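Residue numbers (numbering that gives the first Met the number 0), protein chains in the order written: chain A, 0 to 372; chain B, 0 to 234.
One thing to keep in mind: the hints can contain errors.
As the list claims (entries may be wrong) - Here chain B is said to cover these stretches of chain A; the calculated rule only asks that three of the stretch's residues, wherever they fall, bring their Cβ under 8 angstroms from a Cβ of chain B:
1. 17 to 23
2. 324 to 336
Unchecked claim - Over 10 angstroms on every C-beta distance to chain A, these chain B residues come out as not near it, computed from the model:
3. GLU49
4. ARG71
5. PRO75
6. SER83
7. LEU84
8. GLU91
9. ALA94
10. ALA96
11. ARG98
12. PRO126
13. ALA172
14. THR186
15. GLU219
16. THR230
None of these hints come from the bench; they were simulated from the model. Predicted model, so just to flag it, every value in this text is computed and none were measured. Heads up, the beta-carbon is just placed ideally off N, CA and C, and yes, glycines get one too.
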Amino acid sequence: MSAATRTYGEYGGRYVPETLIPALDELEAGWQQALADPAFGRELDDLGRDYAGRPTPLTLAERFAPGKRIYLKREDLLHTGAHKLNNALGQAVLARRLGKNRIVAETGAGQHGVATATVCARFGFECVVYMGAEDMRRQAPNVERMGLLGAEVRPVEYGTKTLKEATSEAIRDWITNVETTHYLIGSCVGPAPYPEIVRELQSVIGREAREQIFTAEGRLPEVAVACVGGGSNAIGLFAAFVEDRDVRLVGVEAAGAASLGTGRAGVLHGSRSSLLADADGQVLDAHSISAGLDYPGVGPEHAFLRDSGRAEYVGASDDEALAAFRRLAETEGIIPALEPAHALARARELDQELILVCLSGRGDKDLAEVLSR
Amino acid sequence: MKTLAIYLMCGAATPELAEAAVEGGADIVELGFPFSDPLADGPVIRLAGERALADGMRTDACLECLGATRERVDVPLIPMTYASLLEAYGYERFATAARGAGATSLIVADLPVDAETDLRRIQLVAPTSTDERLKLAAGRTDGWLYLVTVTGTTGARDGLSPALRGLVERARALSDVPLYAGFGISTPEQAAAAAELVDGVVVGSRAVEVAQDGPDSLREYVASLRASIDTTISV
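Turn these sequences into a full structure, and let the hints guide you.
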């Protein structure tokens with residue numbers, strides 16, 4: 000594996016300082032060993048069931064979308080309230096296998112930070128989470144939760160003070176402490192093999208949902224929809240349906256952070272993908288009400304799926320997401336996170352009837368932001 | 000004589016600053032082409048990059064800065080930047096334009112040796128690099144090998160990294176290319192200690208800080224590094 004080996008067509012690779020290459024090689028080797036070891040899979044299954052609450056239910060949202068059959072994959076009911084825990088648990092087991100006892104992570108909405116702090120508490124790891132100062136303001140409850148779980152949250156005070164800078168700082172920490180530290184990246188982004196690791200650990204979402212919807216309806220969904228920031232819940236959902244050519248795959252980006260919709264090929268945070276950048280390759284600021292989607296990059300596999308035509312990517316505005324957020328609360332008694340509210344907004348308008356939506360997280364963290372509008 | 004390389008961020012004052020650095024005794028000037036998300040850089044160079052970008056120092060302006068610097072000094076000039084700029088400009092096109100503006104070579108901080116292998120450039124290695132990668136980088140590098148002295152980002156440290164000696168010994172055993180050490184070297188004492196081990200020393204963050212006080216301060220600072228390095232005896 001190397002930066003020259005672009006994992007997903009033209010996208011992916013390893014665009015990092017040389018200092019990190021041996022750690023990525025070690026991670027790659029450890030990951031391959033783990034995949035080949037039945038004990039690894041069993042441990043993940045056990046943790047998923049006994050600790051995290053898998054399988055998560057599939058809920059038919061009849062009042063949210065009358066005349067359609069929209070099923071919600073309830074990752075909001077997972078321990079810590081979002082799909083992020085699937086990845087954090089898997090990488091924690093991997094970090095233990097690699098002999099690392101210090102974890103660094105970045106977080107935007109705080110869900111990945113909370114998931115990381117949670118697994119670090121559970122595994123007895125030291126935990127440092129980098130978070131943009133603007134996101135700490137927007138997602139204050141999650142900052143408190145991370146503190147309770149024993150993590151140190153380090154504010155990032157420069158640039159946009161959001162996920163982009165938090166990710167850069169986490170990577171700088173990793174460069175500095177690479178011998179003792181595992182970088183627990185939160186989405187399917189970063190240098191190889193991270194995008195693959197995160198996709199595999201999140202693919203449990205799609206595997207369960209595929210089986211559940213087939214049991215409920217006797218057929219596969221016509222469309223699978225998920226929100227896309229870095230894209231981890233979407234890639235986890237899509238993974239189970241990529242080979243089912245009749246299932247349409249739709250990713251929904253925040254309109255002001257449409258790395259796939261309006262971006263160009265470029266390099267950010269260790270991989271080549273589609274990103275918001277100017278003609279000189281300088282990365283542009285993203286804008287979204289949702290901290291989890293407020294990121295100018297996206298996982299390289301999504302760029303590949305877009306170019307190949309297998310998945311399509313559309314946008315939803317802040318206002319559309321807010322309307323869907325309120326509607327799901329009022330019609331189904333489920334308060335979604337603002338991130339999947341983007342997916343819900345587009346799902347209702349689709350021509351198809353049988354629709355699977357990944358409800359990637361719950362909305363407790365967003366109440367202050369929504370109520371202030 | 001050990002080589003002294005000084006890093007400066009591209010900007011309006013850079014040609015004059017480069018001239019001052021050369022007057023102070025710099026043998027090479029590295030010119031930073033700023034990138035919005037510089038993963039290998041600590042706070043000083045990151046902030047300098049943010050200021051340069053705010054002043055409009057995009058790729059074309061940096062190439063002009065390189066050309067203007069070329070008119071004032073005779074030493075090798077080496078752009079140092081990140082892959083995103085080359086992706087946008089085109090790797091070969093960038094290399095050609097930089098050469099045309101007077102560059103001697105190129106450093107790309109986030110392009111490991113096995114990426115974009117057609118792009119001739121100075122390769123970096125770190126204390127974490129395996130012997131296999133050291134050998135590969137030494138074989139492909141353009142003129143000299145850049146030894147990153149620390150496991151970390153650019154920026155001043157209290158002392159010279161203890162990791163440098165081992166890295167130098169491994170590199171010497173594997174290759175005959177000149178070795179220059181950089182990252183974490185800021186004081187004349189550190190520069191001299193590094194120069195005892197290697198063929199050249201690169202000073203970045205501290206030079207960028209001093210350059211903010213103008214050419215006279217920079218000339219004086221570089222002269223202090225030069226004097227210190229010139230007292231070292233090769234081992």
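Hint check:
no.: 1; hint: 17 to 23; verdict: holds (count 6)
no.: 2; hint: 324 to 336; verdict: violated (count 0)
no.: 3; hint: GLU49; verdict: violated (7 angstroms)
no.: 4; hint: ARG71; verdict: holds (25 angstroms)
no.: 5; hint: PRO75; verdict: holds (22 angstroms)
no.: 6; hint: SER83; verdict: violated (4 angstroms)
no.: 7; hint: LEU84; verdict: violated (5 angstroms)
no.: 8; hint: GLU91; verdict: holds (15 angstroms)
no.: 9; hint: ALA94; verdict: holds (15 angstroms)
no.: 10; hint: ALA96; verdict: holds (13 angstroms)
no.: 11; hint: ARG98; verdict: holds (19 angstroms)
no.: 12; hint: PRO126; verdict: violated (8 angstroms)
no.: 13; hint: ALA172; verdict: holds (18 angstroms)
no.: 14; hint: THR186; verdict: holds (20 angstroms)
no.: 15; hint: GLU219; verdict: holds (30 angstroms)
no.: 16; hint: THR230; verdict: holds (31 angstroms)
Going down the numbered hints, you'll see the structure goes against 2, 3, 6, 7, 12, while the others check out.
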